[in-house]
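Q: Using the hints, position chains A and H against chain S.
Chain by chain, the residues run as shown.
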Amino acid sequence: MAVGLEHFLILSAILFSIGLYGALAKRNAIVILMSVELMLNAVNISLVAFWRYVAPALMTGQVFVIFVMVLAAAEVVVGLAIIISIYRSRETVDVEQIDLMKW
Amino acid sequence: MTVLQQFEQWLLNYWPSWAAYLVPALIAFLIIVVIVLVGALLFIYFERRFIGRFQIRQGPNRAGPLGILQPVADAIKVLIKEDIVPIKADRWVHYWAPIIAFFPVLMIFAVIPWGQGAIFADLNIGILYVIAIGSVAAIGIFMAGWGSNNKFSLIAGMRTIAQMISYEIPLVLSIVGVLIIAGSLSMVSIVEAQHVPFVLLQPLGFLIFFLAIAAELNRSPFDLLEAESEIVSGFHTEYSGMKFALFYLSEYAHAFAMSAVAVTLFFGGWGWALLPGPLWFFIKVFMLFAIFLWMRSTLPRIRVDQLMGFAWKFLFPLALINLFITAAEALIWPGFPWWLLFLNLAIAALLIVLWSGLFPVPGEGVSFNRYGRGIAKGMALTFRHLFRHPITVQYPEQKLTPAPRFRGYQLIWYEDQCNGCRACVRACPVSIIDIETQKGEKGLVVEKLEVDFGRCLFCGLCVEACPVQALFMSRDYEKATYRRESLVMNKEQFIAAEKRRSAYAYPDLEAEMPPQTLLAPPKEGR
Amino acid sequence: MEIGITIAFWVLAAVIIGAALAVVLLRNIFHAAIFLVLCFFTVAGIFIILSADFLAGAQVLIYVGAIGVLIIFAIMLTRETQRGNPSGRLRLPALIVGLLFLITMVAVVVSTNWNVVAEIPEPTISSLAQALFSKENGFVLAFEIAAVLLLAAIIGAIVLVREK
Numbered sequence: 001m002a003v004g005l006e007h008f009l010i011l012s013a014i015l016f017s018i019g020l021y022g023a024l025a026k027r028n029a030i031v032i033l034m035s036v037e038l039m040l041n042a043v044n045i046s047l048v049a050f051w052r053y054v055a056p057a058l059m060t061g062q063v064f065v066i067f068v069m070v071l072a073a074a075e076v077v078v079g080l081a082i083i084i085s086i087y088r089s090r091e092t093v094d095v096e097q098i099d100l101m102k103w
Numbered sequence: 001m002t003v004l005q006q007f008e009q010w011l012l013n014y015w016p017s018w019a020a021y022l023v024p025a026l027i028a029f030l031i032i033v034v035i036v037l038v039g040a041l042l043f044i045y046f047e048r049r050f051i052g053r054f055q056i057r058q059g060p061n062r063a064g065p066l067g068i069l070q071p072v073a074d075a076i077k078v079l080i081k082e083d084i085v086p087i088k089a090d091r092w093v094h095y096w097a098p099i100i101a102f103f104p105v106l107m108i109f110a111v112i113p114w115g116q117g118a119i120f121a122d123l124n125i126g127i128l129y130v131i132a133i134g135s136v137a138a139i140g141i142f143m144a145g146w147g148s149n150n151k152f153s154l155i156a157g158m159r160t161i162a163q164m165i166s167y168e169i170p171l172v173l174s175i176v177g178v179l180i181i182a183g184s185l186s187m188v189s190i191v192e193a194q195h196v197p198f199v200l201l202q203p204l205g206f207l208i209f210f211l212a213i214a215a216e217l218n219r220s221p222f223d224l225l226e227a228e229s230e231i232v233s234g235f236h237t238e239y240s241g242m243k244f245a246l247f248y249l250s251e252y253a254h255a256f257a258m259s260a261v262a263v264t265l266f267f268g269g270w271g272w273a274l275l276p277g278p279l280w281f282f283i284k285v286f287m288l289f290a291i292f293l294w295m296r297s298t299l300p301r302i303r304v305d306q307l308m309g310f311a312w313k314f315l316f317p318l319a320l321i322n323l324f325i326t327a328a329e330a331l332i333w334p335g336f337p338w339w340l341l342f343l344n345l346a347i348a349a350l351l352i353v354l355w356s357g358l359f360p361v362p363g364e365g366v367s368f369n370r371y372g373r374g375i376a377k378g379m380a381l382t383f384r385h386l387f388r389h390p391i392t393v394q395y396p397e398q399k400l401t402p403a404p405r406f407r408g409y410q411l412i413w414y415e416d417q418c419n420g421c422r423a424c425v426r427a428c429p430v431s432i433i434d435i436e437t438q439k440g441e442k443g444l445v446v447e448k449l450e451v452d453f454g455r456c457l458f459c460g461l462c463v464e465a466c467p468v469q470a471l472f473m474s475r476d477y478e479k480a481t482y483r484r485e486s487l488v489m490n491k492e493q494f495i496a497a498e499k500r501r502s503a504y505a506y507p508d509l510e511a512e513m514p515p516q517t518l519l520a521p522p523k524e525g526r
Numbered sequence: 001m002e003i004g005i006t007i008a009f010w011v012l013a014a015v016i017i018g019a020a021l022a023v024v025l026l027r028n029i030f031h032a033a034i035f036l037v038l039c040f041f042t043v044a045g046i047f048i049i050l051s052a053d054f055l056a057g058a059q060v061l062i063y064v065g066a067i068g069v070l071i072i073f074a075i076m077l078t079r080e081t082q083r084g085n086p087s088g089r090l091r092l093p094a095l096i097v098g099l100l101f102l103i104t105m106v107a108v109v110v111s112t113n114w115n116v117v118a119e120i121p122e123p124t125i126s127s128l129a130q131a132l133f134s135k136e137n138g139f140v141l142a143f144e145i146a147a148v149l150l151l152a153a154i155i156g157a158i159v160l161v162r163e164k
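Residue numbers (this note's numbering), protein chains in the order written: chain S, 1 to 103; chain A, 1 to 526; chain H, 1 to 164.
Just so you know, these hints were derived from the structure itself, not from any lab.
From the three backbone atoms N, C-alpha and C, an ideal C-beta is built for every residue, glycine too.
Please note that the accuracy of each hint is not assured.
Quick list of in silico lysine-lysine cross-link-like pairs, DSS-like style, CA-CA up to 30 Å [stated by the list, open to error]:
| hint | chain 1 | residue 1 | chain 2 | residue 2 |
| --- | --- | --- | --- | --- |
| 1 | H | Lys164 | A | Lys151 |
| 2 | A | Lys151 | A | Lys77 |
| 3 | A | Lys313 | H | Lys135 |
| 4 | A | Lys499 | A | Lys399 |
| 5 | A | Lys399 | A | Lys313 |
Derived contacts from chain A toward chain H, CB cut-off under 7 Å, selection only [as the list claims (entries may be wrong)]:
| hint | residue |
| --- | --- |
| 6 | Asn124 |
| 7 | Leu128 |
| 8 | Tyr129 |
| 9 | Ala138 |
| 10 | Phe142 |
So that you can see chain S by itself, here it is in the shape it has in the complex:
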């Protein structure tokens, strides 16, 4: 059977939910960041699939993907900087132990 739009969208949904599970259920802050990257990649796949199958003449889909990649890069940079500076003062990256702002 030929590969259609639904196949790419279901792949994107599976990838997104795996990333969602990782971001909610893991304790290591870097693994949470990696799961967020998985979610962003899933979104990129579905954006490009929509561009290709629904509106190929209009380049907006690809432009959107470029901006999502730029933002993902910026977010990873700042996120990892925060994690490293937390590691320097607390010696841990376990998010269940970094709870000083909670009651």
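A: Just chains A and H, lined up with the frame of chain S:
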């Protein structure tokens, strides 16, 4: 329409479509793998011979005529070595690291145009593909550093990654300068857009590109982190056998790939008539690689902090300004006439002079003598060395004569002169001479003479102590034996030995010695 | 060529899902990072199937070359090899939420009638450049703001991590 696509179209008349696309792709893939491996072997051979000539010596010349089989001998040696994995290393990471470091390099060759229409895949995004795949090799190097369970490998791996990603930025910016002139990302269009070779339109861009790929390939003078004498060989310390062969091969294949990319971007690819295209291409690639070798044999290594400062403070701003100026020229003179070369050279010289103000030598300010004229004189010297006759001695076919007063191995004993006085036994600081005498007709006769040359210092005190000139030092130096017991010489061996005397402690013998050629002091005024 | 694209899609989809599961479930963080890099690579493959060639190159360059290396660096610098990659307290609720989300999305995708256009786009780079930079309906302002955003991210990261 590349040659491969024409072949596929022709095959579509005879075979089903899946075979007509798969078989030519496999054949072309095999051809490219053969070109890469043979090219890497040739580069290894040329590197060792040329660096030898730059250093007034011959390179390896024992394996095959002119040493052609030396890389083959290297390959066989590396294949039959034992593959050692450190005990606590992560086996999986240790195994996959050389593979991940090698395959991106092989993938770069898919978009290199060897001649007119001779390219494996004329991608629309050719040069972006090269840059993207080139940055994947960094992951393999990091895995190598991590998977070795060795702190020095880890530190060296992290520093190597820092070096590679720092130099990627000036690399990409200098490529974008070329793309502004060429107007397309596809490698074939870049070659066809070169009415003049782009090195003339972008001298600063080529300089930045050249230095950036020298740093990406970890070649001298940027090879602090993986040279064998530094930080115990860096990230590939713990690798042996086939895995090390993959790292070694990937280094030279990467040099081949980036030289080919530089030729495509800046030197006109396969262009110019009179010789077939691929031949011109290979000649240009080898000349560019020869410039890398020239740099390697002349310049010392730079330190890690100097390396990073060079990338971020010097190359990166210059690359940005080069991009800006190219964009301005694209607006003002869209046809890019050839005389822009002079304008670009003037701007490049001005920028380099301005930016070297950032690197003052303490005590001297900006030192043109050290960096400008010094480097030029050094490179001119090694270039002149190329044309001198090499001073290599083909030992053991050619042997040089040692100095006249050479204190060689083995004493020379004249039995008729010796009077058994045992002055030599008393003079020896390590007490290796053993003499037993008997009363004869005219004095003492030596019955037993044993000298243990395993402990001899070759100090010559026994020769100086002898009052009757019965002992001499010899000019021999090749007396290795297989067993330590055979190092002890007795009286019969002394009598039967070949007596080649040296003039130590006998100044009147000096005149009849042959002139010294081994380690001869240099002639004045050379 | 349809059969080629179909085989490629199924192989790549299997690799992506396997790599994503490995990222989330493996005990050893470094192996998880390597599988993340594999996942990025195969997503670039998916972009090529969808004829977005520039995006595939950009994906490899940005994600594998930069973000992958950055994540591996961060794992080096914050090593907690004793604990590795454990699951938190919210494991079961997260699983339920993930499954619910997945089922909802699949139901929506399968039951919607998409207006699929059959034409294949022409070479994309020049059209992409025009969409980004043209005067009438280009995204020039967003492009420049993205550049300023990246600068702010770089400066912020340097300030956060530098030694006092």
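Q: Look at each hint and say if it fits the structure.
A: Results for each hint:
Proximity of lysine 164(H) to lysine 151(A) is assessed by CA-CA distance (about 26 Å); at most 30 Å being required, the pair is judged to hold. For the suggested pair lysine 151(A) and lysine 77(A), the alpha carbons sit about 28 Å apart, so the restraint of at most 30 Å is met. Our distance criterion of 30 Å between C-alpha atoms is broken by lysine 313(A) and lysine 135(H), whose separation comes to about 35 Å. The suggested pairing of lysine 499(A) with lysine 399(A) holds, with an alpha-carbon distance near 18 Å, which does not exceed 30 Å.
Under the criterion of a C-alpha separation no larger than 30 Å, the hint pairing lysine 399(A) with lysine 313(A) is inconsistent with the structure, at around 53 Å. With 7 Å as the threshold, the beta carbon of asparagine 124(A) comes within range of chain H, its nearest partner Cβ sitting at about 5 Å, so the hint holds. Checking leucine 128(A) against chain H: minimum C-beta separation of about 4 Å stays under 7 Å; hint holds. A least Cβ separation of about 6 Å between tyrosine 129(A) and chain H falls short of the 7 Å threshold, and the interface hint therefore holds.
This hint holds: alanine 138(A) has a C-beta 6 Å from the nearest C-beta of chain H, less than the 7 Å allowed. Annotation: interface hint on phenylalanine 142(A) holds; nearest CB of chain H at approximately 6 Å, less than 7 Å.
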